[in-house]
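There are 2 protein chains.
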Amino acid sequence: MAGKEIEKLIKAVAKLPALGTRSARRIVLYLLKNRAQSLAPLIEALQEVEKNVKPCAVCGNYDTSEICSVCADPARESKLICVVQDVADLWAMERVGFYKGKYHVLGGVLSALEGVTPEDLNIESLLERLEHEKPEEIILALPATVDGQITAHYLLNRLKNMPVKVTTLAQGIPMGAELDYMDDGTIGLALNSRKPM
Amino acid sequence: MAGKEIEKLIKAVAKLPALGTRSARRIVLYLLKNRAQSLAPLIEALQEVEKNVKPCAVCGNYDTSEICSVCADPARESKLICVVQDVADLWAMERVGFYKGKYHVLGGVLSALEGVTPEDLNIESLLERLEHEKPEEIILALPATVDGQITAHYLLNRLKNMPVKVTTLAQGIPMGAELDYMDDGTIGLALNSRKPM
Chain A
10 MAGKEIEKLI KAVAKLPALG TRSARRIVLY LLKNRAQSLA PLIEALQEVE
60 KNVKPCAVCG NYDTSEICSV CADPARESKL ICVVQDVADL WAMERVGFYK
110 GKYHVLGGVL SALEGVTPED LNIESLLERL EHEKPEEIIL ALPATVDGQI
160 TAHYLLNRLK NMPVKVTTLA QGIPMGAELD YMDDGTIGLA LNSRKPM
Chain B
10 MAGKEIEKLI KAVAKLPALG TRSARRIVLY LLKNRAQSLA PLIEALQEVE
60 KNVKPCAVCG NYDTSEICSV CADPARESKL ICVVQDVADL WAMERVGFYK
110 GKYHVLGGVL SALEGVTPED LNIESLLERL EHEKPEEIIL ALPATVDGQI
160 TAHYLLNRLK NMPVKVTTLA QGIPMGAELD YMDDGTIGLA LNSRKPM
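Top line first, the protein sequences correspond to chains A and B.
Each number in the working numbering comes from the position in the first sequence (counting from 1) with 9 added on.
Each number in the working numbering comes from the position in the second sequence (counting from 1) with 9 added on.
Same shape as in the complex, but just chain A (with noise of 0.2 Å):
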């Protein structure tokens, strides 16, 4: 049909998350009818971040220098420690603009199904941070999933006995819910962990 070259790049593009042949099919003529506002502009940014954007060795998220910018900022609260599954989970807590402490990403969260261990994750470095920064509060923000509380309730555990306060986001009716269309569970821990108004 195409060229094996082109071939090879739509095999490449529907690799990635999100996208499967057609949508790469899409992608790959968008890319060929604009080479000069696409194609080559695309090329040049994905070299430079291949070339210049590593992880942070403190806490991994990703940047271009050894030591992130979030960890190297003065002005960043480094007596908390948000514990983050992700990059991308990390990207919003910064969207939101709120939270003002340092982060530990872990990479991903323990699973039976898909053998996540904590010798995947990273759990040493945070350990270790433990004792060099000296946090006063690790706030766990991993996903409201059966996995991600398994994770949380592992770090728990080994955080348990360390000079810490352990804290979790709060979960609940997101805002602008409707009851009605909330999932049974959801309904049932709000109202578990109802508070005084």
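These stretches of chain B come out as covered by chain A in the derived footprint (C-beta under 8 Å, 3 or more residues):
1) 21–29
2) 38–45
3) 52–63
4) 96–104
In silico SDA-like pairs for lysine to any residue, Cα to Cα no more than 20 Å straight-line:
5) K17(A) / S47(A)
6) K42(A) / I76(B)
7) K13(B) / S74(A)
8) K24(A) / Q56(B)
9) K169(B) / L136(B)
10) K42(B) / D129(A)
11) K42(B) / G117(A)
12) K143(A) / G110(A)
13) K24(A) / P50(B)
14) K24(A) / P26(B)
15) K42(B) / A21(A)
16) K63(A) / E16(B)
17) K17(B) / E53(A)
18) K42(A) / A101(B)
19) K60(B) / A54(A)
20) K42(B) / S32(B)
Estimated spans, in silico, between C-beta atoms of each pair:
21) G29(A) / Q56(B): 17 to 25 Å
22) H141(B) / R31(A): 34 to 42 Å
23) E140(A) / K60(B): 50 to 58 Å
Since the hints were made in silico from the structure, they are not lab data.
By construction, the Cβ of each residue, glycine as well, lies at the ideal position given by its N, Cα and C atoms.
Here the structure of chain A is known, so what remains is to put chain B in place on it, guided by the hints.
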């Protein structure tokens, strides 16, 4: 939030068709996580396409040679030219594998709304091919939209004094469709174009 290199890449990816900022972020994080298996091969595939792939000088298909593999194939009937809107449609026809003639890529359809005039399309090169290649039949495989049909009628008008038969793809009920789910226009058209069994 993230470094400016990452932001630039997210913006470049978000501009691709079918993608937005959220999916671009996911893709960029995936590439950063899977450098060796994903980022490097993607850059390489993009560079190969940028360097080697160009539009065919005859029909407008994309390939690595000056004349594309369809135009250069002596086994394809040169008596038939199928006019398509875009290379994506050419690829769709080739996937079916049924058509054994040649192609001509218009590069779009006439559109009053988007300001596409006959000069913007590869119409002159089609007329030149008529003189040189003397095909017996031109098949208009243009989209079944208003703009596509206007373009088909414009081409029919340009071709009417030439010694060539002009045909178009049949319109009607697509294979496997339930009548109840078809729009009124399609049912009316299929009824008007009914054929003896």
